[in-house]
Structures are given as structure tokens and as C-alpha cells.
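**Q** These protein sequence lines map, in sequence, to chains V, Z, D and E. For the first sequence, UniProt numbering gives the first residue as 1, with consecutive numbering after it. For the second sequence, UniProt numbering gives the first residue as 1, with consecutive numbering after it. For the third sequence, UniProt numbering gives the first residue as 1, with consecutive numbering after it. For the fourth sequence, UniProt numbering gives the first residue as 1, with consecutive numbering after it.
Hints were generated in silico from the structure; no laboratory data involved. The reader is advised that the hints may include incorrect statements.
Which copy? The list can't say, so a pair holds if one copy fits it or any two copies do.
[As the list claims (entries may be wrong)] Here are the simulated lysine-lysine pairs, DSS-like style, with alpha carbons at most 25 Å apart:
1) Lys43 to Lys339
2) Lys208 to Lys253
3) Lys141 to Lys88
4) Lys5 to Lys339
There are 4 protein chains.
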Amino acid sequence: MGKKKIGIIGATGYTGSELVRILVNHPEVEIALITSESRAGEKFSDIHTSFRGIVDIVLQPASQVEKTDLDLVFLALPHGVSMDFVKKYHQKPFKIVDLSGDFRLDSPEVYHEWYQKEHVYHEGFDSAVFGLPELNRENIKQSELVANPGCFPTTAILGLAPLLSEGLVESRGIIVDSKTGVTGAGVKPKEVTHFPNVNDNFKAYGLKKHRHTIEIQDTLNKLSSEEVSLQFTPHLLPVDRGILSTIYARPVKELTTADLNALYLRYYEGHPFVRITPEAPSIKDVRASNYCNIFITFDERTGNIIVLSAIDNLVKGAAGQAIQNMNLMLGLDETTGLKQVPVNP
Amino acid sequence: MGKKKIGIIGATGYTGSELVRILVNHPEVEIALITSESRAGEKFSDIHTSFRGIVDIVLQPASQVEKTDLDLVFLALPHGVSMDFVKKYHQKPFKIVDLSGDFRLDSPEVYHEWYQKEHVYHEGFDSAVFGLPELNRENIKQSELVANPGCFPTTAILGLAPLLSEGLVESRGIIVDSKTGVTGAGVKPKEVTHFPNVNDNFKAYGLKKHRHTIEIQDTLNKLSSEEVSLQFTPHLLPVDRGILSTIYARPVKELTTADLNALYLRYYEGHPFVRITPEAPSIKDVRASNYCNIFITFDERTGNIIVLSAIDNLVKGAAGQAIQNMNLMLGLDETTGLKQVPVNP
Amino acid sequence: MGKKKIGIIGATGYTGSELVRILVNHPEVEIALITSESRAGEKFSDIHTSFRGIVDIVLQPASQVEKTDLDLVFLALPHGVSMDFVKKYHQKPFKIVDLSGDFRLDSPEVYHEWYQKEHVYHEGFDSAVFGLPELNRENIKQSELVANPGCFPTTAILGLAPLLSEGLVESRGIIVDSKTGVTGAGVKPKEVTHFPNVNDNFKAYGLKKHRHTIEIQDTLNKLSSEEVSLQFTPHLLPVDRGILSTIYARPVKELTTADLNALYLRYYEGHPFVRITPEAPSIKDVRASNYCNIFITFDERTGNIIVLSAIDNLVKGAAGQAIQNMNLMLGLDETTGLKQVPVNP
Amino acid sequence: MGKKKIGIIGATGYTGSELVRILVNHPEVEIALITSESRAGEKFSDIHTSFRGIVDIVLQPASQVEKTDLDLVFLALPHGVSMDFVKKYHQKPFKIVDLSGDFRLDSPEVYHEWYQKEHVYHEGFDSAVFGLPELNRENIKQSELVANPGCFPTTAILGLAPLLSEGLVESRGIIVDSKTGVTGAGVKPKEVTHFPNVNDNFKAYGLKKHRHTIEIQDTLNKLSSEEVSLQFTPHLLPVDRGILSTIYARPVKELTTADLNALYLRYYEGHPFVRITPEAPSIKDVRASNYCNIFITFDERTGNIIVLSAIDNLVKGAAGQAIQNMNLMLGLDETTGLKQVPVNP
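Next comes chain V alone, as it looks inside the complex (with noise of 0.2 Å):
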């Protein structure tokens, strides 16, 4: 049986050379299309020269994509933008990784309160499963079109889930404080991501109303009883890569830093890309990686809980967690092709 085909659709973003540089080793899947309608007839290589000489692949209009025999496609396109190509091949016979955030919430109209936007594809939102292998691996499995997380709710899912999942903390008043590298801004020039503004600074962005609030707060309401209520505040760090969210919840009862660690440990195990860490981590500890690293601890003094999760917002944040699910929905084991090992420092 030969190598799954697979189309990436946006090839100018960084998701989309991401997804190009774990999938080139992948040794169960080929690269059969990549496309950009802005960049077409050129070479994927020159747009992204570090990949001179190893993926030299002419880029295609994503009209190519009716005409290729693929298993898979990633669509690596802005979000408003993604739901139309969603809405296009949904019936084709492959398979669809959306790594835009059209599809993630849970109906179009909280959609078009947080992202200010009408939706165009309202039957999207019956098929497309939420993409986090580690709550639903087995949805993930049996799916024709996977919404894959974002990178901020990635962490701050994977950090919670425990605790809402077993009612241990007040569902209300939970602090989520993330950080995140520049590449989550995207790969268009803009002030906000002018070198001379983020070198050597450190600000707050996006208060009270980021669009990731919502999926992080819809996605663990499916875990708990109770109602789930969060502040989140993400914040510009001057690194390419990385999100650290450090989080804030009250336990509902008596609990210690060893039973924490018990619970998350049993909750994660068989998951992969999961370590539940004796360090606070570092995001070099997950850069270029897979992996979330979790650490979590009870303070005796505040009574409050405190947890640290780690990822690399390119790669279990996007394009790797992409991945993960594509070999759930092929049939392949889940860590193929994903095996890297952090690059640190």
C-alpha cells in the first residue's frame, strides 16, 4: 500500500510551512499539493529559502485541488477565509484539517459574536470535531472534518482539563495569563510585530474580548457540571516560538500538590505528547516539539492552585497537533512522524 497523498492549502503562513517541515520526514504520507493564490508558479522554496534544495515544489491555485487524487488536505488559511473552502469540499472524498478558527466554537452564532463575522457554512458545525487528540481521540478518529485548536486554548484546555473533568475547582473565577511567542501574530508584517516594538519589550494584548476566551471556556463547559467562567490575558513575548499560560483556580476541597500530580498523571496517561513535569516548564523545554508540558502545584499559604502548560504554539499549537490528528483520521499510530525532539537552547 503506498503513501497517503496530502494537499496543504495556504503555503505563504507559517502554519503552512510548518505542516511542510514535519510532513516532509513523515514516512507514511507524501506532500501531492501545495497551493497560494498569491504566490502560484513560484517555487514553495522561494518563498521559504531554508528550504532550498529539500521541498522545491511548484506552488498550484487551489483550483488544483479538484484535480489531485488526495486522502488529506490542511487548510492553512485565515479564519472568514477558511469556511469557504470548508464549504467547498466538504463533500469531496478527502479528508479536511482546518487550522483556522472557523470551526472550533459551537454554533455560528457565537461565532459571529466573537470574531464579528456571519458565517457562511452553518452545517459545518454539525460534522467538525474539536481536534484535541487528548479529549477526543476517538471522535478525532471517525471524522471527515477536524477543527483544530488554537494555540492559546491548547494550553490552557490541556491545563484545566483534570481538574473541571473531576469537579475539583470553583468553575468561576479561573485566571488564565498566557504568553505567547510572535509567530501566533502571523506572518504579514504589522506594527504590533515590528521588530524595534517587541525587542526587549513585554505588553498585554487583546483584554477582556480575544477570540480564544470563548473556545477555551466552550471547550471546558463540555468537561464540568458546573458552568465555567475564566479571564483570559494573553500577552506578547519577544521569542518566535512558545506559549506559557499560568493559571489560577480555587479547589472546591482539600487537596495537595501529590494528589494534583496523581490525578494529572493518570489523566494523561496513554497520551504522548503530555508530560506532567517535576520543574516548572521553560518554553524551550517544548520548542519545535510536540509536546505540552504541564507543572502543577497547590499553595498551602493562598489556597490557591497553580498550573504552568507549555507548548510550542507552531507545532502542538498548530501545525504538529495537525498532524496528530491527521494520523488519527489516516489510521496511523498517533506519534508517526512527530518524534522530534525539543530544540533547546
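Since the structure of chain V is provided, determine the placement of chains Z, D and E on it from the hints.
**A** Just chains Z, D and E now, with coordinates in the frame of chain V:
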């Protein structure tokens, strides 16, 4: 009347060099003495080469303090060392600003608990004034011994003082999630400050037990009618200078963002170094200056108050604040020599 | 006699904000006008938020220049735009310091060749003085129009002037390998200044044809009895500010490192902003200050002279040097308002 | 036939961890032993926490080498220490790749002159092969002892080999102006690698006497018919990984940029890790990969050839090249386990 004569005890660290950087252009004082035990006999500019041709003073042993006619002495020494000097110098005719943590807490007992060290000069606690001019201006003016606040506490206390003074928030459950530049860890190379361990990286440290926790809590307690309990989590940024604290608190009554801004503007009226800003501050907004920028907002969705408080840890968090205290102690205008504009970018 | 009145034309860029940062504490001048076409009507501090409460002046359209009583005007405009303003203002009663490249070269023809643009004001070349005070102090004092040097040329010319003036090196085959911070590329976001393209990265650019090549070569030619030819290669550092040029030249006669140091000390005697240092300078040794640090050595093994020359590109490479020129043009002491100590770290 | 058994002597440094990072996914070898004197008994992942759950091998004392069945041993030790191990192990049945500088030079005498240290194992020089596969592939295949090249020399030699082999440039007067990331300075914290001394900073070091000078010069001498003399100046970049060398040479006959590119393409044909690129390479173009990117151009105005040569100092400049050598010594395909795509950004 001539200029006041200043001594700086401890020249090799960042607070020492930052004191000199600012004082050299201060119109009302002159640096009469800089001491260093380990580098006595060398020029100040041999150690801090950016001062070549500007400050070529030869470093003296500390024994010169008593042979020099001085109006005020800065102790730029590590905690645990500083107390010996305060004990020795306290009855001398010059005033003292101590930049260490040795006299900031309420008592030798609290010091012992959080610094794991016996305090050798209990009497110092009776006369030491906590040198945060925005809270203690009049006491500082009268004081012979000022304990200059820690860097994290400066952000947290200035960020929370109006709320606690007015009894507007729950005094338990306050979260202070702080992020600091590396100079806060001192001039001496260690594993945690090794470039490849910090660059493009980010992590939390000192969870649950950082010494500044008690300094913040004790100071706020004096402002509050209720017992304060707070969670303080410091993180290490890959930047040289700057602290941003993201503070979460829950109001005890209905409040709007406008109410909060009005309160903060009123509270800090007449305090030229606190700026209540309409935008979330970045640490570069205050870099190399003595300002503290504060942003405050209320989230109606969650019911939380969020305060962002930013300083340069070496200036408002150390040397600049020490000079602000000096100005008050010497009867000068509080802002003399401290009007540097932030260096951004 | 009152303070001199200064206008700044162009407020949104880095040179504009850096001029304001320094001038606001200058004891002999006052900022009477700041203009911006694109942001007129807004406050200066709305654009540069670190100036909140310090410089809240409302920006004016450039048409206000002629309605304001001014002693001197800084043009902080892009090249190609500046020439129009010089043409218009040249006969006005105020003096002009032009920070663009429009009047630095020898003739409109040379300008056209290297800037690929027709020059609209040929007459300006007759009166413009190249504003490097260490070479042209007396001419600057008499000038109505000063062309403020480029950032790279400041390092290269100061680094080579003593050698070429004395005819000590081969005038052909000089190598200037320069490395600059990102602010040199301007305030406007572009692909080359997008944070993930710069951070943890390094590359050369503008090989063989950077416009500063001719500025360096033409200026050195005037000092040299032989025709100068030099190779200039700029590189982009992942830092905000600072240029270090590493310069290689071959002596025409026997020389020692001691000879070279004596020559440089003598050449720059009485020039307070050039420091001949005993150690290889770092860019932080001069950061946020108007100093140029120069280190010179002879390698007996290879027979090469190596010169290292470091400045802050926004200060001695732009705004600081412009103010140094202003001081000379207004009959003030050259160092007035420019005594800031380097900010390190 | 089973996998080859590999030992790594020295586990705490960057080359040790980088060897493990790559070898753990190498399909033809297994790591049978990792030693550390100072940390024996601890897990590899206790020291390098990003390996948690991936490489939890317990570190052994070096004495275990002789008790283990090994095919090849990497010495990831400081120079001056490595020679003792080579002396001891040279007659053992396993092959050796030495990553230190102890056997790279021509003779013990040259070693003594540049390393200021007596060499204890003169015999090693007879059999050691300089491990640059692009020059010495066949010799490496036959060798029992390979001296893995230095990081700077790898860029400089690969950048200059075609020109000197063909006698196309003046062999005297070559300039190699190199810029390196901080990991080149090792894992041990020192003043020069203290974060605030490197971040937002840049400086030259080791002027005139860096040990890699002689390694570059000696190797090029073997390719050249004329005696080579070159000036090598390293600089320290505020980045983790990567070296860019900017090389200047003067042609002895007429050449075009097209001629030079054709020459380089021909010279490196069949060498999969050297990429001759149409654009000036950035160090991120090769980060975390085994590639060396080379750009070459001729400047008609000045008559200089400029070569830009970029590697990751920890991969092609150390561990990756060592594994490339291992592949050749063990009869494997040269690229086995080394196909990682550069991590950019």
C-alpha cells in the same frame, strides 16, 4: 551653598552603576565616594566601560566612608550584607538609603522567616521608613534611614494601593502575575542568566515563596482594613530591564472602568512619576526612566478588575526610586535629576 | 536672552522621536513646533506613548513652519522628500539640519547615480555642509544648511579619518564590515523588520550597492591624497540600536599598535564625543548616548590594521549628531544637552 | 544485522545534548552509553529537561566505556581533556570522533603555540583525519579517529575551498569576518555569556589570536599552492545558534559572479549538505539543520570577491558534522538521520 556630597557603597552591581548613571547629571549633588571591596584601586570605568571618560573615579575600600564628609550614602549591596553597614553607619551624621531587602519588612522575625537568615540589627526596623514616595512622602522627608522598595513590590503596591486603601476589592484572592527582565537577577553570571537559557525563552520561577511576596502583602496590609492574602508569581523575560505585573482582583461593589480610572487619577495626583495610561503599557514605555505606568480596567463579563503596572526595575524599581528618596531626604524637589525620557526603542 | 526656538519637521519616525527625547531636557532651546502631515491634530504622545505627560504637544501640518518664529529646523524626513523642504525653506531666516541623505553627496549627479532619483534642488549642494563636527566643526558653525551624516558613514569615517588624513594606509582595498540594529531600517513595518525574520537571526544585505558606500568613500576622498576605494557590507543585527563597524586596512609603512593609538588620541583631542578605548567596544558601551567608541590595533602576523568603531545609530548616527550640529550652528557649547551616559545594560 | 552501538563521552554540554537530540531518531544506531563524571547517576533528562520522557538514560562514569560493547564513541569534551581519552581509547576496537580541538592541527608544536598547552599524545596526529566530509570523505571512511572541525573553520573552509583549490585568489590578505551565536561559548555561565552582557549587544572578541585562525589557515594551505595568510575576526551575536562568515578575497584573474557560482556548484556537486544559494543566507536558513549555505558574488566596482557562509554551529559546526562523519566511518549513507529541515522561524 554647595552641592550635597553622596557616597555609593557597592559599585560593581547594576544598582551601583545605575545610581552613578543618573547622579552624574544631577544638578544638586556630587558623587564624593564610590566603594568596592573587591575592586578597590581600579577605576569605576574599568569595571563599567561605558563610563570611560565620564566617571573615571578610583574605587575606594568601604573604610573610606568614615573619612569622607558625606551628606547621604546609598547602600547598593546584597541583602544580608547591607544590615552590617546600616548597623555600623546608623549613628553617623549622614543619611542612608538602603537598596537591599534588609529593612523593608515589618520585623526581624518576618525577615528571618522569608530570608532564612538571622537579622543582626533589630533596632534598624524601628527607624527605617519604607521608601515608596507615593505612599510615604512625608515620612521619607524626615527619615535618616530609608529602605528602598523591591522592584516587584513597587509595581504591585502602586498597582493595588488605591483599591485597597478604599476597600474596594476582596482582600483575599488577589493574583499578581509578574514578568521581569534579567537585570533583576543581578550582575553575577549564573545558570539561570546564561544567555542560551534565557534568550527566546520564558519561564516562571520562585513559585509560592519569592521574598517579595511578603513585602507586597505587608505593605498592602497597612493600607487595608482587611487582612490581605495574595498570590505572587514571577516570570523571567528575555529582556534586560523592565517589569510588567498583571494583577487580578475582585471588587466588593459595583464599579466601572471609568470609576476606576477616576480613582487612580485622584489617588496619584501630585505624584509625577505615576502615569495612569489609556493603553496597556509596555515595559519600553518606561525604559531607563523613573515612571510607573498603570492601566486599569473592569471586565463586565467576568467581574474581575485587571491592573497592569510597568516600571524599569533598575530605575523606579531601584536606583531611580532611591534618588527620588534622596531628593526628599535632602529637601530637594522630588524630580530633580530624574527627568529622563524613556528610551524607546 | 531667551531660549532658541526649534522646529521638528516629521514626527512619526525614530529620528523625530529621538530628537524630542534629547531636546526636551536641553537647557538652551525649546521645541516650538513639531509637524506631521499624516498625524496632524494628534498629540505627539499619542503616537509615541512613552512621552505621555512629558511631551503632549499637538502635531501641526508643515504649513505652520512659516507662521512660527523659529531659529532652527530639523528635517526628520525620508530622502527624496527632504529636498523639497530644503528648496522651500532655504531662504527663510531659520537654519536647517537635514537628517536625510539628500545633501550629503558631492553633486546631484552622484546622488542620481546612487539614489536612482532626480534631485530637485541642485543649488543646495553649494551651501550644504557635511555635518560631522569632528571633521568640519568650523564650517558647521558658519552654515545655514547642514547635511547630517548617515549612521554607517559616521562609524566608518571616524574610524578611518586619522589613517587617511595622514596617508598611512593603502587607499584601495579597505574593507568596512558593518552590523546595525533594526531601528536603522525605519519605523515602518516591512518584511525585513518583521520580528520573526530578525530575532535570533543575522544576515547581510545591500551587498555592493548600499548608498552609504558612496557617502563614506566621497568623504574619505577629501581627506586622502590618493583615490579611495572601499568595500562596504552592512548586516542586520537582532538589536534595536547600535552599529559596530569592523574595518580592515593595510599600512603603507611600519606601524605599531602604540603608534596608532597615539595618532588617534591626537587626532580626536578636543572632540569630546570620540573615545579611543583600550578594549574592543560593544554597542551597549554607547547605547542611547552620543559617543563614538574607537579601538585600533595592528596585527603583526598578517600586517593588517583593524579598527572597531561603535555608535548608537539613532544618537551619534542621527538625532544626537544633529543636535551637536545645532549647538555649533547656534553658538552653544557643542556638548550642551548631550551629556547622557550610555544606558548599559 | 542490528543497530550500531554508540557511546557519548561528556553529556552536560551543548554538543553532548545535540548529539543525543539527533541520534535518538537515527534509524541505524542506538545510544548504548552516555557518560558524565560530574553527573553520573543522574538521568540525562534531569540535566537536559527537554528530553523528559524521551531520553531518561542514567549517566555513567567514563569507566563504563571499556565495559560496554561499542562501535563508535563521540568525545564531547573540552580541548585539553579530550586528548587523554584519545590516548587511552585509541587502540580499542571502537572508532572515535573527537569534537574537541585536540587533533585538528598539523602537529603538537602548532597545537602548543596556539593552545598554550603541552599535547600529551603526539601519536594521535599521525592517524587523525580532519573530519570535513566535503574535503576528506574517502579518508574519513577509512579512519579510526576523526578530528571533528571547529565551527568557525567549517564556514570559512567551505566558503574558501573552491577558490583556493583552483588558485583563483591571492592567498594573502584574505579577510574572514565571522559572527557567532552564544552556544559556541559553551554551557558554563561566564561574564561574557551573562544575558545582559549579550542581549541587544554586539562586539568583537579574540582579535588576532583566536585558535580557529590556525585551523582555517592550515587546512586551506593544504588546498593552495601558495602560502595562505588570513585575518580572522569573530564577533558575538545575541542569538543562540548560528554562524555567518563574511569573507573577502581578491581574484588573481578576471572572473564574473556567474563564473564563481558555476565553480561552487561544480565543486560541491554530490555534497548534499552544501547549498549554493541565490540569496545572501541568514543563519535561520540553516538553524537546527546540517546545511551550510554559501553565497558568492564579485563586486566589479572594487574588484573584491565576497563569500557568505552560514551554518548552525551546534549542527554542521559540531554534532551534525560529527554524525555525518560517523555515518561515513560506519559505512552508512552520509545523510542518514540528518535530514532535519531547518527550523525557521
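**Q** Each of the hints needs a verdict: does it hold here or not?
**A** Results for each hint:
no.	hint	in the structure
1	Lys43 to Lys339	between (28 Å within a copy, 20 Å between copies)
2	Lys208 to Lys253	between (29 Å within a copy, 20 Å between copies)
3	Lys141 to Lys88	within (22 Å within a copy, 56 Å between copies)
4	Lys5 to Lys339	both (21 Å within a copy, 21 Å between copies)
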